[in-house]
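Chains as they are written, first to last, in numbering that gives the first Met the number 0: chain V, 0 to 317; chain L, 0 to 317; chain E, 0 to 317.
Please keep in mind that the hints were generated in silico from the structure rather than gathered at the bench. Hints may be right or wrong, so weigh each one.
For identical chains, the list gives no copy identity; a pair is met inside one copy or between any two copies.
Unchecked claim - With a cut-off of at most 27 Å between alpha-carbon atoms, the simulated DSS-like pairs for lysine-lysine come out as follows:
#, residue 1, residue 2
1, Lys315, Lys61
2, Lys317, Lys217
3, Lys121, Lys50
4, Lys85, Lys121
5, Lys1, Lys290
6, Lys154, Lys59
7, Lys94, Lys61
8, Lys27, Lys61
9, Lys184, Lys290
10, Lys121, Lys183
11, Lys121, Lys94
12, Lys1, Lys305
13, Lys315, Lys290
So the chains spell out like this:
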Amino acid sequence: MKLSEIASIIGAEFNGDDKEIISMNTLKNASADELSFIANAKYVKDMSDSKAGAIIVNEKTKEFVPSGCEALVVEDTYWQMAVLTKYFAPPVEDKDAFEAEIGEDSDIAFEAEIADGAVIGKNCIIMAGVYIGSNVVVGDNTIIYPNVVVYRDCKIGSDCIIHAGTVIGSDGFGFASNRLGQHKKIYHNGNVVIEDDVEIGANVTVDRAVFGSTLIKKGARLDNLIQVAHNCEIGEGSVFAAQSGMAGSTIVGRNNVFGAQSGIAGHLSTGDFNTFAARSGVTKTITQSGKTFAGFPLMDHKLWLKLQGVLSRLLKSK
Amino acid sequence: MKLSEIASIIGAEFNGDDKEIISMNTLKNASADELSFIANAKYVKDMSDSKAGAIIVNEKTKEFVPSGCEALVVEDTYWQMAVLTKYFAPPVEDKDAFEAEIGEDSDIAFEAEIADGAVIGKNCIIMAGVYIGSNVVVGDNTIIYPNVVVYRDCKIGSDCIIHAGTVIGSDGFGFASNRLGQHKKIYHNGNVVIEDDVEIGANVTVDRAVFGSTLIKKGARLDNLIQVAHNCEIGEGSVFAAQSGMAGSTIVGRNNVFGAQSGIAGHLSTGDFNTFAARSGVTKTITQSGKTFAGFPLMDHKLWLKLQGVLSRLLKSK
Amino acid sequence: MKLSEIASIIGAEFNGDDKEIISMNTLKNASADELSFIANAKYVKDMSDSKAGAIIVNEKTKEFVPSGCEALVVEDTYWQMAVLTKYFAPPVEDKDAFEAEIGEDSDIAFEAEIADGAVIGKNCIIMAGVYIGSNVVVGDNTIIYPNVVVYRDCKIGSDCIIHAGTVIGSDGFGFASNRLGQHKKIYHNGNVVIEDDVEIGANVTVDRAVFGSTLIKKGARLDNLIQVAHNCEIGEGSVFAAQSGMAGSTIVGRNNVFGAQSGIAGHLSTGDFNTFAARSGVTKTITQSGKTFAGFPLMDHKLWLKLQGVLSRLLKSK
Numbered sequence: 000m001k002l003s004e005i006a007s008i009i010g011a012e013f014n015g016d017d018k019e020i021i022s023m024n025t026l027k028n029a030s031a032d033e034l035s036f037i038a039n040a041k042y043v044k045d046m047s048d049s050k051a052g053a054i055i056v057n058e059k060t061k062e063f064v065p066s067g068c069e070a071l072v073v074e075d076t077y078w079q080m081a082v083l084t085k086y087f088a089p090p091v092e093d094k095d096a097f098e099a100e101i102g103e104d105s106d107i108a109f110e111a112e113i114a115d116g117a118v119i120g121k122n123c124i125i126m127a128g129v130y131i132g133s134n135v136v137v138g139d140n141t142i143i144y145p146n147v148v149v150y151r152d153c154k155i156g157s158d159c160i161i162h163a164g165t166v167i168g169s170d171g172f173g174f175a176s177n178r179l180g181q182h183k184k185i186y187h188n189g190n191v192v193i194e195d196d197v198e199i200g201a202n203v204t205v206d207r208a209v210f211g212s213t214l215i216k217k218g219a220r221l222d223n224l225i226q227v228a229h230n231c232e233i234g235e236g237s238v239f240a241a242q243s244g245m246a247g248s249t250i251v252g253r254n255n256v257f258g259a260q261s262g263i264a265g266h267l268s269t270g271d272f273n274t275f276a277a278r279s280g281v282t283k284t285i286t287q288s289g290k291t292f293a294g295f296p297l298m299d300h301k302l303w304l305k306l307q308g309v310l311s312r313l314l315k316s317k
Numbered sequence: 000m001k002l003s004e005i006a007s008i009i010g011a012e013f014n015g016d017d018k019e020i021i022s023m024n025t026l027k028n029a030s031a032d033e034l035s036f037i038a039n040a041k042y043v044k045d046m047s048d049s050k051a052g053a054i055i056v057n058e059k060t061k062e063f064v065p066s067g068c069e070a071l072v073v074e075d076t077y078w079q080m081a082v083l084t085k086y087f088a089p090p091v092e093d094k095d096a097f098e099a100e101i102g103e104d105s106d107i108a109f110e111a112e113i114a115d116g117a118v119i120g121k122n123c124i125i126m127a128g129v130y131i132g133s134n135v136v137v138g139d140n141t142i143i144y145p146n147v148v149v150y151r152d153c154k155i156g157s158d159c160i161i162h163a164g165t166v167i168g169s170d171g172f173g174f175a176s177n178r179l180g181q182h183k184k185i186y187h188n189g190n191v192v193i194e195d196d197v198e199i200g201a202n203v204t205v206d207r208a209v210f211g212s213t214l215i216k217k218g219a220r221l222d223n224l225i226q227v228a229h230n231c232e233i234g235e236g237s238v239f240a241a242q243s244g245m246a247g248s249t250i251v252g253r254n255n256v257f258g259a260q261s262g263i264a265g266h267l268s269t270g271d272f273n274t275f276a277a278r279s280g281v282t283k284t285i286t287q288s289g290k291t292f293a294g295f296p297l298m299d300h301k302l303w304l305k306l307q308g309v310l311s312r313l314l315k316s317k
Numbered sequence: 000m001k002l003s004e005i006a007s008i009i010g011a012e013f014n015g016d017d018k019e020i021i022s023m024n025t026l027k028n029a030s031a032d033e034l035s036f037i038a039n040a041k042y043v044k045d046m047s048d049s050k051a052g053a054i055i056v057n058e059k060t061k062e063f064v065p066s067g068c069e070a071l072v073v074e075d076t077y078w079q080m081a082v083l084t085k086y087f088a089p090p091v092e093d094k095d096a097f098e099a100e101i102g103e104d105s106d107i108a109f110e111a112e113i114a115d116g117a118v119i120g121k122n123c124i125i126m127a128g129v130y131i132g133s134n135v136v137v138g139d140n141t142i143i144y145p146n147v148v149v150y151r152d153c154k155i156g157s158d159c160i161i162h163a164g165t166v167i168g169s170d171g172f173g174f175a176s177n178r179l180g181q182h183k184k185i186y187h188n189g190n191v192v193i194e195d196d197v198e199i200g201a202n203v204t205v206d207r208a209v210f211g212s213t214l215i216k217k218g219a220r221l222d223n224l225i226q227v228a229h230n231c232e233i234g235e236g237s238v239f240a241a242q243s244g245m246a247g248s249t250i251v252g253r254n255n256v257f258g259a260q261s262g263i264a265g266h267l268s269t270g271d272f273n274t275f276a277a278r279s280g281v282t283k284t285i286t287q288s289g290k291t292f293a294g295f296p297l298m299d300h301k302l303w304l305k306l307q308g309v310l311s312r313l314l315k316s317k
């Protein structure tokens, strides 16, 4: 899409050198043929180093656009970014792709639907009612139980097990809102990448990234009914018990254990080998490793036990 | 069904004028050819104005039945109401309906099942494994991702997106119980109505109403794994983050935001433009608008922050 | 499988009488042709009475192996047990079973998949996209809504209703972990048994047992999005509201009521006719019956109300 067309869609003035823009990306990851945006002043620091071909800015941030990069000046940059994601969204299925390739000895149920462009490895079992979207890649020896849905462009490794009803790659929960309370959908044009030896329980949801990938690393284990939001990263060997959830863009280190019905807020990270008790709620980045936490707000597990003792005595004294 | 037959099923004496009863409804909404009931003394006030053709009452409430309305007197009115819902329940599929109508340019996957009597608008995409029940109506430009289930008689607007694995219109969680601990199912003969421009995430559940409709208004946004119980109403532009839930008959105003893993109890309502923090639990009606709440029990967000400070200092002092 | 082969797989020395082992089981339930294991010193008391043909032990526990029973000595008994479960796991579908039997007047949707060896009773309705695994047994008059998945070997009673998207019999969340943070899957070779007159909501997950059965007794009622872990037992007439969850091996008595978003930890039990308020979290066995509890940590409901009053006054005094 031509940059001049993009400018026209979002009502930005444009007199610069026109160029072809192939996709949208973050300031950090955009390349010269990509469009980026700045919606929050705290990312101004990422502008000077950005390789983006153009950036959607407002009157205040336009001065930070690096030389060689075009500025598209609008009032509400986040809203206009959302508007544009639709133009870069591929169709829900890729009708022009080659016929799906199925590896040797893989057993695909007659009632499964494997869209064009998908590549399934060797010795896989894909059961009835499974939907594998366009251009999805599945490794070897992976078992996908009935009625799992994998949206287009996602990647699943080898030796994985995905239990029934799980949804991989649905759109993340992202939209721009205006003062009238209207919401403009942000199309999620990234994907989900699941590495080797991952087991995911039943009726789990793993959302695709806005840009880039939601990532579940090697050896992770997810129980049932878990929410993994867009752009999250789950470290190697980490374990999530049933009904736990991660909000967007959070990075969990390796071998963390999240108890049942626990949750972690968005844009955080954790160290390695931590344990979060059942029902705990993480709202701050955890720089430590090897610790056990509990409660909401989160605290050291021993402190949480002490708090319960204090409350109990307080109650008895009244 | 004749009123005399109904009386006979539930063991009520009946000597009045017989009439045809076509369905059941609440005291407030019942019309002259409908049957209602009173199971809770606080609804006695609704009896005098009720247009119902007949009301299931007990010895205590029979005196409030308005003239022209027949009284069916039983011991356990709620149980007998539940018994009767089964008789008014339609079959799970309507085998006599016309063949489904599909609008121009709509793309229905070969593996989707569209039951008789359904009407799909123009330019829709309905993907593999989707089940659309009898007499369902879907507007224009709506995308329904794989393995979504829409039970019979529900209505989905235009420009909606429903992500994979979501269930619209399953029976609400309602039953009458007796002292032996047995439960009598209340068949849910209402439906779900989703207005235009609503996006619903993956593996969400939206239950149909007992009578009337569960309603999701224009512009609402629901993330993944959310529970919307029978007879709820979600106001225009309201937003629910993942794993939040609503209990039955609760009415949320416009542009409320419910954080992840939050919940609201049944038979409540909220004002407009309120925010409920992640994990908050609403147990009382919120008459205010434009406020931010947190915690369980729920309190003003600032008060919740203060409470955490108080507890933290209490803990340090011990 | 020969015991000598088993010993060889897990690197245990074996000089005893070789014998055929047909499956694995707990110390309490194993019979002479079954293999058991001891991974936790607190189960040493179950060893002397065990009828197991062989037990996986370590250097410390080998002395408690009863006479007539073979000892397989390894370092990490839990890990080796996990390794062996894979060898006893049946294929995901039984390709040698007889063609499924469908009872009189049952209505099976064309788009449902009933695997070989399944037996469906009379007058059932099995809707589009349902998957019924090998050797599953379904009673009479049961309705299974679209896209439900029932894994192989599970049993569902008569007069049951299972709503759309629910998954019955997925593998429990069990694995052995080593110090490197690697996880070895425990294949779950048990099943799920659902008795008569049970209604289960939409997008629920009920995991199969490791050994034996996860059990939901007669008359129980489950709402939507509920997690029932491996080897749990739900007593007759018990009721779980939406988004509640049970961790593994917990036994709930009859006619307990669990409120929405509540949870109960693993390896616990409860009395009868108890109520657990919405969002309560049970972490200890409840020996009482007929009580109402709330909070996390759990306490008597009245005490919980008092605690909220104490905290409220504390907050006002600061």
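Checklist entry - At most 27 Å between C-alpha atoms: does Lys94 with Lys61 qualify within a copy, between copies, both, or neither? => result neither (40 Å within a copy, 63 Å between copies)
Checklist entry - For the identical chains here, do Lys184 and Lys290 meet the 27 Å Cα criterion within one copy, between copies, both, or neither? => result between (39 Å within a copy, 25 Å between copies)
Checklist entry - What label fits Lys154 with Lys59 when the C-alpha limit is 27 Å: within, between, both, or neither? => result neither (40 Å within a copy, 45 Å between copies)
Checklist entry - How would you label the pair Lys85, Lys121 (within, between, both, or neither) given a Cα cut-off of 27 Å? => result between (36 Å within a copy, 20 Å between copies)
Next on the checklist: Regarding Lys1 and Lys290, is the shortest C-alpha distance of 27 Å or less found within a copy, between copies, in both, or in neither?
Outcome noted: Answer is neither: 51 Å inside a copy and 44 Å across each miss the 27 Å cutoff.
Checklist entry - With identical chains treated as interchangeable, where does the CA-CA distance between Lys27 and Lys61 reach 27 Å or less: within a copy, between copies, both, or neither? => result Result: close within a single copy only, 17 Å intra versus 59 Å inter.
Item to check | Within, between, both or neither: Lys121, Lys50 at alpha-carbon 27 Å | outcome: neither (40 Å within a copy, 42 Å between copies)
Next on the checklist: Within, between, both or neither: how does the pair Lys315, Lys290 come out at a Cα-Cα threshold of 27 Å?
Outcome noted: between (31 Å within a copy, 20 Å between copies)
Checklist entry - Under a CA distance limit of 27 Å, which applies to Lys121 and Lys183: within one copy, between copies, both, or neither? => result For Lys121 and Lys183, the Cα distance is within 27 Å only across copies (22 Å; inside one copy 42 Å).
Checklist entry - When no copy is specified for Lys315 and Lys61, does a C-alpha distance of 27 Å or less occur within a copy, between copies, both, or neither? => result neither (61 Å within a copy, 48 Å between copies)
Next on the checklist: Treating 27 Å as the Cα threshold, decide for Lys121 and Lys94: within, between, both or neither.
Outcome noted: Both. Shortest intra-copy (24 Å) and inter-copy (20 Å) distances satisfy the 27 Å Cα cut-off.
Checklist entry - Is it within, between, both or neither when you check Lys317 against Lys217 at 27 Å Cα-Cα? => result Answer is neither: 52 Å inside a copy and 44 Å across each miss the 27 Å cutoff.
This entry does not satisfy hints 1, 2, 3, 5, 6, 7 and 12, going by the numbered hints stated previously.
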